[in-house]
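The chain contents come next:
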Amino acid sequence: MAPLKSLEREYPLIDSIFQNFCASHGIFTVEDFLIHDLYLLAALAEQNNNSGKLKQGITQVFSIIDNQCRPWLNGLELLNDVEQNKHVLSTGCERIDAFLQGGLREGHLTELVGPSSSGKTQVCLQAASNVARKYSGRVMYFVSGNSFSSKRIVEFVRQMSDPANNQANSTLQQVMKCIICHSIFDIFRLLDVLHQLKHSLRSQMDCQVRMLIIDSISSLVSPVLGGSGAHGHALMATAGFLLKELAHENNLAVVVTNHMVAGEGGVSKPALGESWKNIPHVRLLLSQDHVTNISSMSILKHPYLVCFFACMAVWLSLKCLLISE
Amino acid sequence: MATTREWLKPDETAKELLVRVLTERPLLLLPPPLHRLPFRVGNVVEIVGPSPSAKTLILIQAAINCILPKEWNGVEYGGLGRAVMFVDLDCRFDVLRFSQLLKRRLIGSRANVLGNEHDDFHELLTVCMRRFLYIRCYNSLEFLVILKTMHCRLQKEKETQAGGVYLLMIDSIGAFYWMDRALLSSSGSNNRKSLSLQCVVETMVQEIQRLLLVHPMLVLASKSASFGDKQSTTEVIRNPGKGSSVMAMDFRSGPQNLLHREYMPSVWQSFVTHRIQVRPSDYSCKYQNNATYLTEWLLPSLKFSDKFIINDDGLLVIL
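Those sequence lines, one after another, are chains A and B.
Taking full-length UniProt numbering, the leading residue of the first sequence gets 1, the next gets one more, and so forth.
Taking full-length UniProt numbering, the leading residue of the second sequence gets 1, the next gets one more, and so forth.
Okay, chain A solo, but in the shape it has when bound (with noise of 0.2 Å):
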């Protein structure tokens, strides 16, 4: 938020006076404002002898703030946006659309979890080009272990499409077209990019934008985890904070990636748990099972199925995944 200096040019009413006065009771941004009693602000500016121009002053901060406000919606209007504009997206696989009553929801932050080798990378994959190939709609996909892969992609395409179809290779050109993969190794990288998105959304630049993938989350936060200061879990919420934002006032479907590590007594947990936790909408655990092959996927958390599918777990092989019968 600005300081009050810069307000000046913009608003007369917030001139040298006024500053000298808000100075002197500590007030020099907007966010010092905020954290002042603006009716003892107001009892103070009728003991000067400018008082009339101090509150005009105060009521014109306070106008500002008022206009940095949201609005407040009501259920209709709620019910309406997401309605119109916070479609489910299809991850490509039946099973899991199924599972998932239609697939992933835009405005949702997604939370793949599982051990190594569990399939998270092949649903991102699969789904990213099914989104790129379906709804022609824009991916942004941001890796932080070299996990992409192109030729997966191909792969993914070619089944989806129909092999009678001779503009097959101009789909899959599109669809190459529409995913943008960026590396990333560390989450000072990961903020920076997402302020970026976050910005050129706002100016309507890149406004086909459907999907925002990370593979993985885990790995780019829990370095900075642990010891004794509190900056680690606020960079991993200021992430966390950033990717809803972005998936709500830009309609984006978020899917992150978290790994599993040893906890105690040779259970194995989430890498990012107790305090991430609160973040996503959608938690779903996928695991293997080492000796057939086969995946499975279930719900740890979720907005609306919370027990609709209460017993209901998707099992897929990895076969599943490439034959999307």
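No lab work stands behind these hints: they were computed from the structure.
No false leads were slipped in.
Label pairs and their calculated CB-CB ranges: (1) Gln209/B x Glu10/A: 28 to 36 Å; (2) Asn311/B x Ser116/A: 32 to 40 Å; (3) Ser150/A x Arg130/B: 48 to 56 Å; (4) Leu191/A x Gly42/B: 38 to 46 Å; (5) Leu37/B x His25/A: 36 to 44 Å.
The calculated DSBU-like cross-link candidates involving lysine-lysine, where the alpha carbons are at most 30 Å apart (straight line), are: (6) Lys55/A x Lys158/B; (7) Lys193/B x Lys5/A; (8) Lys193/B x Lys53/A; (9) Lys148/B x Lys198/A.
One side only, chain A facing chain B, incomplete, derived with CB under 10 Å: (10) Leu34; (11) Pro71; (12) Gly75; (13) Asp81.
Virtual Cβ for every residue (Gly too), placed ideally from N, Cα, C.
Let chain A serve as the given structure and place chain B on it in line with the hints.
Just chain B now, kept in the frame of chain A:
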């Protein structure tokens, strides 16, 4: 002399006071699992529990109870007919679920009425949904902006909707804890207030207190908590798969440590008048498909606890 006598005269008797308070600020019973204690406006109720423990669902059910009319076209709905303000700090509120639950509730109340006319169903739904006001914010400064500007909004609501806002909901109060803890305390000048968790929460409590003076409301706030150690012993797998080796990880094992770690600054803790704890329980043999939850009143501390499940309709059912 006359004025002194006037001053000495009692303003009202205890009976008059009681009648006045009971009509102006009536006792209110919220739907289960908050049904054990009566509340009145001005109370601040905190629902604390790990994630997921149906905290948001409890808030949603209380909200639905508030926005439903008491009676509509001769059908009894048993609601309060007042508006609700929902401040979403977690940014995870799902309006589809909300409208689904509201519809179920309406259908449920109309089930025993003959001659279901469908046209007034839609009208009633619209009326109810209009009473639900929602805002989300992504950091605590946005939250402070909302609180500072809420007075005008409440005033407007009072004029447009009969009775005005009755419930203020905050989901969840500790959402920005980590972000605020890392705020830079920029104490460049000696009298400048430093921006910190303490300061943010103090301002927040002060603003809510001021709102409550002018607009009598009941405040319901959820707070996510981690129980026991840092391990995810409280994680509930809703649909444990069968047979696979990795699936054997049992989040529910381990002794339940009942004490939750309080992390909000004391200014918030002392602001809370009622506190209820919700947690998933191991006891689920009878209702295998549905996770069972336990509730316990911590403030005031009641000796018994309730069990509830979430049934297939997504409703809370007390066992």
